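Asks: One-letter residues, chain by chain:
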Amino acid sequence: MKKLLIPILLLSGVIGINTSCNKTLTEVPLASYSPENSYTNKTQFESALAQIYLQIRTHMYAQTDAASNYDMLGPDVDLGNTNNAVTFTSSLFSWQLINADDGFSSKWFSRFYAWIANANTIINRADQPAAKWASDADKNAIVGEAKFLRAFSYHFLANMWGGVPLVLNETTGPKFDYVRTTQDSIWLQCEKDLQFAVQYLPTIDKLKGGRAPREAAYHLLAEVEICRKNYQAAIDAATAVINNGKSSLMTTRFGVNKSFKFSGYSYQGAAVPWGDVYWDLFQDGNFNYSEGNKETIWNIEQDGKLIGGDNTDVNASGGFFGMERWWTSAPWVLTDKNGFVSYLMDTLMGRGTGTIAPSDYAATQIWNYKGDFNNDMRNSQYNIQRVYYWTNPNSSLFGQVMRSQDCNAASQPNFAFRAAPTFKKFANTVHNLPNVYPVFQDGTSKNWHNNGRTYKDWYIMRLAETYLLRAEAYMDKGDNASAANDINVIRSRATATPVTPADVNIDVILDERARELYGEEFRINTLMRLGKFVEYLNKYNGYLLANGLKAPDKLKLLPIPNSQIQANTGAVLTQNAGY
Amino acid sequence: MLLTAYYAPNRLQSWGLTKKLLRIMKITAFILLIACMQVSAKGRAQTVTISVANTSIEKVFQEVKKQTGYDFFYEENVLQGANTVSLNATKIPLEEALRLCFKNQQLTYTIIEKTVVVKKKNDDNINQLINLLTSPAMDVHGKLVNEKGEAIDGISVTIKGTDKTVVSNQKGEFSFSGVGNNATVVFTGVSIETYEVSVNGKSDLGVIALKTKVSALSEAEVVAVGYGTQRKQAVTGAVAKANLKTYEKVATTNILDLIKGTMPGVNIGAANTAGGVPGISIRGQNSISAGSSPLIVVDDVVFKGSLNDLPTNDIESFTVLKDASAAAVYGSRSSNGVILITTKKGKGYNGKPSFNVSTAYGTTSELQRMRVEDSTLYMKYMYDYRTENGLPVNAPLYTYLQPMEIANYLATPEHTPTLADPYNLFRQTGTMSNTTLSVSNQINKTSYYISGNYTRQKGVIINDMYKHYSARVNVQTDLTDWFTFGIKSYYSLNDMPASAIYGATSLGSSYYNFSPWASIKDSTGAYNQFPQTTTSFNNPFWQIPTEAYSRQNTLNGILNATIKCPWVKGLSYSFTWSNNLNWNESGSFYGLQTVNGSAVGGTGSRSYSRTYSYLTDNILRYNRTFGKHTIDATALIENEYNKSYSEGLSGKGFTNTALGTWNLGAAATQSISSGGAQTVGVGYMGRATYTFNNLYSVTGTFRRDGYSAFSANNKYADFPSVGVNWHLSNEAFMKNVKFLNNLDIRASYGSNGNQSISPYSTLALLGNSKYIFAGDGGYTVTQYISQPATNNLKWESVTGINIGVDFSILKNRISGAIDYYDKNTHDLIYAVNIPSISGFSSTLTNIGKLNNKGIEIALNTINITKKDFSWESNIAFSRNRNKLITLLGYDNNHDGKEDDIIASSLFIGKSLGSIYTYKVIGMWQQEDKDKGTIMTGMNPGTYKLLDINGDGKITSDSDRTIIGNGNPNFRWSFTNVFRYKKLSLMVYVNSIWGGNNWYLSGSNTPYNDPYNNRPDMNHPVYDYWTPTNTGAMFPRLNYNSAPANGGAQYRGVKYFDRSFIKLQKLALTYDFSDLVKNTGFKGLNVSISADNIFTYAPHWVGMDPETNNGINDGSIPSLRNVMCVLNFNF
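Chain order of the listed sequences is A and B.
Under the numbering used here, the final residue of the first sequence carries the number 579; numbering is consecutive throughout.
Under the numbering used here, the final residue of the second sequence carries the number 1130; numbering is consecutive throughout.
Hints are supplied without guarantee of correctness; some may be wrong.
[As the list claims (entries may be wrong)] Straight line, CA to CA, 30 Å or less: simulated BS3-like cross-link-like pairs of lysine-lysine: (1) A/K446 <-> B/K953; (2) B/K770 <-> A/K294; (3) B/K770 <-> A/K305; (4) A/K139 <-> B/K770; (5) A/K556 <-> B/K521; (6) B/K944 <-> A/K550; (7) B/K953 <-> A/K175; (8) B/K521 <-> A/K539.
Since the hints were derived computationally from the structure, they do not count as laboratory data.
All values reported here derive from a predicted model rather than from experimental measurement.
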């Protein structure tokens, strides 16, 4: 009996251990939050909004370390050319081959819907019982901001793809039966969302930089109303920004570098005052309303010092603002006829790669308008550098202007690209700022640079564009005089010759946009909205012209990506005509 | 040694026995008879009186018999040639008389009772008998166990030199009565090495541990089957046990190295870094995305460490459960097969501890090195680059070099390269040392095994250093006769080469870009960041961290207890409680002289993670034989729990980088992270085997598993299986088939699961990131729903059959197993694309069906077995084919057939690994261009691609085709062990073969390297096309450029067949045991071995086909080890 007792005791002990260990199989994540407990108060909703701002920054400006990152801004449309010797951008500049598997189309289609999904989650969950609000004002401000961001996403979809599926609710599980709606109902939804947003968003003077103010909603509403052909409504919306009493074009020097002096690109001669007000607009530290910039409406925020300010991992293949790297020229790699390679110097230039060079349209044609090549501030030596100097002190050509014929055989074929005009708005002015962003030392010149990363903020919307939108609306309404006035507000700040009402047409406005908003406006969106995309490609795209190619007419809208059509197994997503 | 002797008929009368009986009686039996019939010993105080001269000895014997009554006993012919006797003696004692008679003879005698046994001097056989019979008789008993301490039955126990034989019973016990106290007991059996024990007057021989037979043909009869063992002949599934003995004395880096190639269907890859553990898979790819690693179970507990943790010497057995029925006991985790490893138990030498020392030392070198262009080829490349790209070459070629190169080029009149072979900067001769010490013993009812291991491995690339420390204690004791208690515990530390030591890109390859005229260091002796001016090439030395470490610790303790339930015979209960703690530490620091650190003022990080797991098993076993019926049943309840924790710190921007990771708090920018996860599993399993008369066995298994990571609606799944074994050779009608020694036929059917799914992957989760707003001075944490819930995701399951035959023929000279399997994977876990209109791009779903079938053959042959020389071979052959039956089930293109997923290379009706691409059919040449037959958009020196639809251009939708498959066609290996006396030689040949467009690889494409077609960086030497080298294997340098620049508009990749035969291992072992016997050593072996000796790969170009390293930018060399191991025990 004693023998039996012990095993029985042991057995019951063991079973005891086991039952107490028998944990439930229900999962509760330890290190991730759940949606159920994460949309309950204002701070959490603001976090959710911040995610959309982050996505906009990442997708539009910092996703990859490649020229293609900036494709919405038009470098491969009418504003830029790419260096043919560099093959890794070959997926661009091939508009003649556009098809339903196109990477540009599927990339942006998915991105815009990803923003929409996040906005929908906010809008839906703000109304759920779990969300506790101190006041309706708090809630409306959040929902208004989400609706603005949703409209911002949808307006791209409507302009570039037409009547895409309209999704207004959070997606809680896989769905395979999306169907398309009309382009106008998307615009209509944008209008509705924006009309809500303009009621509840705070004005720009009340907001910290990076968030969209009420002015941004009006600005976007102006564009949407033009699309909906409600020209007066567009004029009213734009006017609400222009006459808000808080915003104005900057006309005098301001900000961090207003007293900047520079001794010249050749580093020879005495330092002289440098820059003009247009140049000031693009200095790091001058982008925010709070930094004295009355012209800004909405911009992204970047800061090389701050976590979340951008990716400062030097090996990262993206996550930082690299316009200087991809969109400025690279004269520093040229070798002179005696074999002396030019030095990388901190000549307001940085370490560009010369991957994207301005097209002939952007470099020359637009500046010859009204003989203003030398008058237009935006084409000043501060804003577009067209002359480069040999910087290697060992070279007999040191300090002299670079010319193709002075290059050695290896450099000569690349001269046009390496020494193409540089829009200085992309470049940092001072590069050796190790406390501001990662710096790198050049092997030969021992000069410091930031490898093309600038960490400056960048405009999504600027008041200059609001004027041009209103000008467009006036023109569409038949009021060319008012249109000319608005255009001339921009031109007079740039000390350019005014246009007359008779001059005003859509091409003049598009040219003015190219001059004023080069590298800022979403050029593809603008051209597609206006039905000018195919025309401009065939007129100005360097690659198509050089190779005798034509962009097809079907390109008036982008294709619905094949991957979407195929994945949508429960219903038919019709393709745009021609694909 | 049984001796048969016949007696001369004319002696018969003198023995007083019948003629007939004697004629056939064996001498042993006869003597025993005598011995047994004598009741007691009588004195020999008799005297004789003899007076003879030159008389035959036979006559003297007769006289003595007459006077004394003593019989004389001798074998026929013994007395032939005996000397005559002359003797004159009166009343001398008998023994004195005999002494005088035998004085000048080659004969001697012994008196047993009243018989004088006459024999030739030094006749051992007779001596044995005499020993036996002259010593007092006694009863002897003992117990036989195997190395694991398990009782072994069916062993023949024989008293040496006699017919006396008994067989050990199920408890391993045996007993004799009436055995001489000097007797030697001999143990023989099919599965054990013959072993002898001297009785030495002891009645209780105690527990005798017998060695399992080394010979491959006689595998141990008992095999591990998961949650217990089974007699081999009752096993119904495909269970293979590795033959570890063959390699016991041979140096290995880890257990996988040891069993590689020896078990068909168990596929082991190659590792080429220090501390690397090769990949392992069993029977093909069963899953598209849920992983193909088998479940590893060590000492009955799911293993959470790295196979590096287990020193080879600690491993007692290695068993692989390959089919559904065998693996079904592990249910939800077993679809990729199960590996069962048991570690050693204590055993000693007759009660004394056994010490074992195994120490190996060796060197490691590259199997082959990548050849980088030397100065001549580099300049030729420059010329070819420029001409092909249409660039002028009118200036001296060197002027096109980079400034730093030009300076170095001009520095000497001979233009001596500054760098003859850049690889030399990074290589080192690897060394490897590995020592395991162990002591073990079995004292009464307690056994212990204690071991320690230290391994140090230095790879062939600088900084590649791996160290391993481990210690193990296994103790087991029978507290009472019904309660056994044991602990198995180990600690292991893997001090890994942190992957960061290779820099941002693998060091093994980035050296390829060094120009012959690079300036590695500047005038101050510091490394130049850009050694040849171009900023596209960072000096690899600038990518090596200032500090880097990675340490993986494992502490494991398994406690188990077995209770034999005394009230039901055959019933036992056992309980296992395993605790496992893994903790990993890693960190790195990049100082100012590194790419990572220079730009940000130094950057460093440390991370720490740990995982605690426990598992409890409650097992009831019932094993009993009733006459011809045997029942073996197991029931299990299992609980498993895992919790992981992780923490990370990082900082960048140091005013002083001297302290590295030791003071990350000094960084200007700091960040921390933490995380963790928890999983819970529960399992219920029942298994019953019924065996009839050792002829038929039927096994049924059922397992129900629950796992927390599965979706809310599918937490549980069931995995049943059934199998039969027909022990055909035991059938009466097979008894006449003389050449057949053993034949079993097995068949099984069952299903297994795959739970390779991360915790929380079916839940809706929130993601977080960081953004800044102006004026905040810090960041805002963002949030978003990163994945939607998938409430219906369930287990991927594999269901299939296995049919196998085990056979042994020609006196066990040829034995082996053949298995065929056919299985389907259902509910494949696959990330299905969903319209991203939802905001998400894919979701995990169960879809499709994948079929795998294959055949495996294992063959062991004893080709020669002579006294001094033997040759045994082991051949393993396996072949697997898989086929995707269905996947998404869509027919979007309305062709009536299910659509393939081309982007993922998944084709309905085809094998996974199908290569769908353009087919390279040649090279365009200048004459094609001249004749105008060249395809538009192509240039001379670009690949000619097959234009399938003949439309004169290459389009992705109509000109791609399945050109072959990346999987092997079949694998085979051939292991030979030659033994000559104490010397043995192992020769191991391993092969993976393609052919017929199998086993193709496209990684052998130097023209796809990112820096191809650039003259500012160096390249591996390869055979590229030029106008004068038109027969080149690879296209022109600028193949990837636009057609206008000389490249191709349509590009393809040339695939190469990886088929190879490798002389994988040669090992020469000498057994010095006999030489050192007297010095107290039990055994001493020395072995010298070499790995990766020679590769025959007729179609491959470049480095090692086995590791798929060709001649492209990422290729790293494979390793060749030469090792010497000294193994001794005492």
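Asks: Hint by hint, say whether it matches the structure.
Replies: Now the hints, each set against the structure:
Proximity of A/K446 to B/K953 is assessed by CA-CA distance (about 50 Å); at most 30 Å being required, the pair is judged violated. A C-alpha spacing of about 27 Å is found between B/K770 and A/K294, which places the hinted pair at or below 30 Å, so the restraint holds. Of the supplied pair hints, the one linking B/K770 and A/K305 holds, its CA atoms being roughly 13 Å apart against a limit of 30 Å. Pair hint A/K139 plus B/K770 holds up; C-alpha atoms about 23 Å apart against a cutoff of 30 Å.
At most 30 Å may separate the alpha-carbon atoms for a hinted pair to count; A/K556 and B/K521 exceed this at roughly 57 Å. For the hint linking B/K944 to A/K550, the alpha-carbon distance of about 28 Å falls within 30 Å, and the restraint holds. The hinted pair formed by B/K953 and A/K175 fails the criterion: a straight-line CA distance of about 39 Å is larger than 30 Å. For the proposed pair B/K521 and A/K539, the alpha carbon gap of about 52 Å is over 30 Å, so the pair is violated.
Violation of the numbered hints given earlier is confined to hints 1, 5, 7 and 8; the remaining hints are satisfied by the structure.
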